[in-house]
Amino acid sequence: MSFYLALKEIWRLRGRYLLFSMVIALITILVLFIAALAGGLANANKQLIEKLDGEMLIYQNNVDLQLTASRLGQSKLSDIRRIDGVADVGPVGLATATVVFADGRSPIDIALVGVEPGKPGDPPLMAGPGLRTKRNNDAVIDQDLASRAGLTIGDRFIVKSVQGTEEEFYEVSVVGITDSRQYFFLPSAIMPIRTWSKVRPQGDGESSTSEIIFNLAAVKLQDPQQFDLVAQKLEYFVDGIEVTDKQAAILALPGYTAQQSTLNTQQIFTLLIGVLVVGGFFQIQTLQKVAQIGVLKAIGSSSATVAFATLLQIILVTLIGVGIGSLGTMLLVLGMPSEIPILFSGSTVISAAVLLLFIGPIGGLVSIRLALKIDPLTAIGLS
Amino acid sequence: MTIALRTDEITKVYGKDTSAVVAVDQVSLEVKRGEFIALVGPSGSGKTSMLAMLAALLSPTSGSIFIGDVALGEIKEKERTRFRREKIGFTFQTNNLVPYLTALENVELMLRLNKTLDKEGKAHAKELLARLGLRERLNSLPNQLSGGQQQRIAIARALVHRPEVVLADEPTASLDTERAFQVVETFANLIHEQNRAGIMVTHDLRMTKYVDRVIQMVDGKVTRSLDDRAAIDLLAQTSSFEAAEQYIGSTPFQYAVAPAASKVA
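Protein sequences, first through last, are from chains A and B.
The first sequence begins at 11 in the working numbering and counts up one residue at a time.
The second sequence begins at 7 in the working numbering and counts up one residue at a time.
Be aware that a few hints might be false.
[To be verified] Stretch-level coverage of chain B by chain A, calculated; a stretch enters the list once three of its residues show a Cβ under 8 Å from a Cβ in chain A:
1) 60-67
2) 188-199
[Stated by the list, open to error] Under 10 Å between C-beta atoms, here's a sample of chain A residues computed to sit facing chain B:
3) E19
4) K299
5) S313
6) T315
7) F318
8) L321
9) L322
10) P347
11) V359
12) I360
13) V364
14) P386
Quick caveat, the hints were computed from the structure, so don't treat them as lab data.
Think of the CB as a built atom: it goes at the ideal place given N, C-alpha and C, for glycine as much as any other residue.
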């Protein structure tokens with residue numbers, strides 16, 4: 011009976027209900043768009059760290075996991091490798107530089123990453139032979155750089171780096187292309203650690219000939235389940251290091267937490283607005299129907315039937331709205347320029363859509379309660 | 007004729023102590039099957055409270071109501087809802103119909119509520135609407151119909167599930183005179199044909215033309231009961247009880263003057 015009443019009313023007043031579904035659709039677009047933006051921005055910040063192929067990251071001690079402040083030397087790598095439970099370890103150096111073009115194209119800022127070929131940190135390849143030697147001017151570039159700079163395997167490009175007060179230029183060959191690995195919105199070029207050490211920007215007095223200094227070490231464990239045990243051993247036996255996992259390292263990226271919490275707050279507020287909008291609409295709907303609901307109850311509909319019909323309408327209208335909104339967001343994302351960091355991942359969409367599906371019934375609680383409380387005596391003007 | 011509805015000294019008091027208002031005061035009444043009665047009286051006379059109690063929407067403060075063999079006081083709230091949809095037919099002054107259901111769907115609604123909507127039920131609903139002159143308007147929505155047509159649909163809805171008692175609350179309040187007469191006449195005919203007990207609350211004495219008995223309530227009590235055909239016709243013509251009573255030649259006519267029980271049969 012509830013289904014009959016709910017569906018008949020929606021069908022006969024389809025203009026009104028569709029309009030309201032569109033309001034929910036717009037809220038959905040906003041929520042999903044914020045979620046996708048949060049995902050995209052997070053990705054642009056953390057991609058490189060997240061994709062490092064080691065369960066464990068090692069920083070210099072007392073730098074609050076600040077990547078650029080952390081300094082580790084080659085000797086630390088040997089100490090780390092000796093610890094029981096460590097399968098392999100690789101250095102990771104991070105710096106920024108600029109790719110310049112002889113033909114006058116705009117330069118592209120990049121993340122310059124140093125790794126040891128074959129060790130943790132050396133990225134999997136989509137194309138090309140990859141890094142083979144420790145010191146050649148070779149680089150594996152990520153997809154983003156490949157497409158933005160129009161580079162492919164075998165091409166050469168120029169990296170400009172400020173060393174001391176001088177601008178230095180290095181010619182680098184593309185030996186591989188890997189998937190997208192942005193670091194602070196910059197596409198990346200991954201080089202052998204020794205080359206990186208030579209190419210990276212350096213201040214006065216830094217010497218590229220002394221021991222190679224990098225920022226962190228990526229560690230693969232023999233058994234990832236033993237993370238805590240190995241971490242304890244490492245911090246006990248190796249001086250001056252701090253062991254962490256990728257999640258903590260990402261949270262420590264400058265501005266990452268602040269940015270994500272801002273976007274999450276926006277998302278929560280949009281959802282709350284959704285609850286109020288749905289609540290308001292259905293309450294007005296129910297208030298308009300007081301006399302009609304009174305008659306229905308007077309002629310023998312139970313309160314539960316009437317309230318359940320209202321709930322069904324709320325669920326249906328929300329479902330349609332969220333459906334249209336999700337589709338609309340997908341179309342919107344397809345039409346977005348690629349510079350806007352949008353990540354429309356399945357899990358974000360599903361979790362946001364599920365939350366959105368709840369806002370209807372939550373918002374509608376007041377009107378359901380109202381429908382339950384309407385006295386059949388209103389039908390004869392006695393309540 | 008079998009008695010379809012009976013009240014034994016029912017009283018309805020609203021409020022308590024000093025603010026207590028007696029809306030219905032010890033009214034006893036019997037309505038037989040196939041009998042159509044009008045409950046008349048000025049505003050505040052208690053007729054709507056009376057109707058609400060007969061419809062199992064309101065419980066009397068004291069006294070009992072029987073519809074068929076069932077004592078309303080002995081059934082629980084949830085069962086009352088079921089009782090209403092099975093045993094009672096109802097038309098209201100306004101907002102009678104569900105606005106998003108067609109004429110036919112509104113009538114079938116009673117059968118749906120009772121889970122008795124089958125082929126025969128559908129045919130019966132259509133037949134009733136046809137009988138009420140709405141054969142061409144089966145698929146019209148209420149807002150496409152006149153007030154009189156809406157009232158007739160409400161009448162069909164009140165009768166379609168073959169209830170024990172049919173109650174009408176001011177069915178002509180929003181209609182012009184001509185349509186009002188048409189509606190009440192059709193109502194009366196159907197009640198007689200289908201052998202239901204019908205009670206119509208009205209403040210318009212002209213509408214008593216088609217009823218079998220007129221009961222007047224004043225200040226919660228039954229003050230008059232008129233069942234002489236010629237006297238009722240006179241009442242309907244003159245809207246004056248005095249004229250009707252003079253015609254009968256027995257003044258006061260069946261007055262229930264006692265302050266206690268006012269028994270009318």
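Do the hints match the structure? See the list:
1. 60-67: holds (count 3)
2. 188-199: violated (count 0)
3. E19: holds (5 Å)
4. K299: Where the cut-off is 10 Å and the nearest Cβ of chain B is about 9 Å from K299 (chain A), the hint holds.
5. S313: Constraint on S313 (chain A) satisfied, holds at 8 Å.
6. T315: With Cβ-Cβ at 8 Å, under 10 Å, it holds.
7. F318: It is violated, given that the least Cβ distance between F318 (chain A) and chain B is near 14 Å, above 10 Å.
8. L321: Interface hint status for L321 (chain A): violated (17 Å vs cutoff 10 Å).
9. L322: Nearest chain B Cβ about 14 Å off; hint violated.
10. P347: violated (46 Å)
11. V359: violated (34 Å)
12. I360: violated (34 Å)
13. V364: violated (31 Å)
14. P386: holds (5 Å)
Hints 2, 7, 8, 9, 10, 11, 12 and 13 from the list above are not met by this structure, while the remaining hints are.
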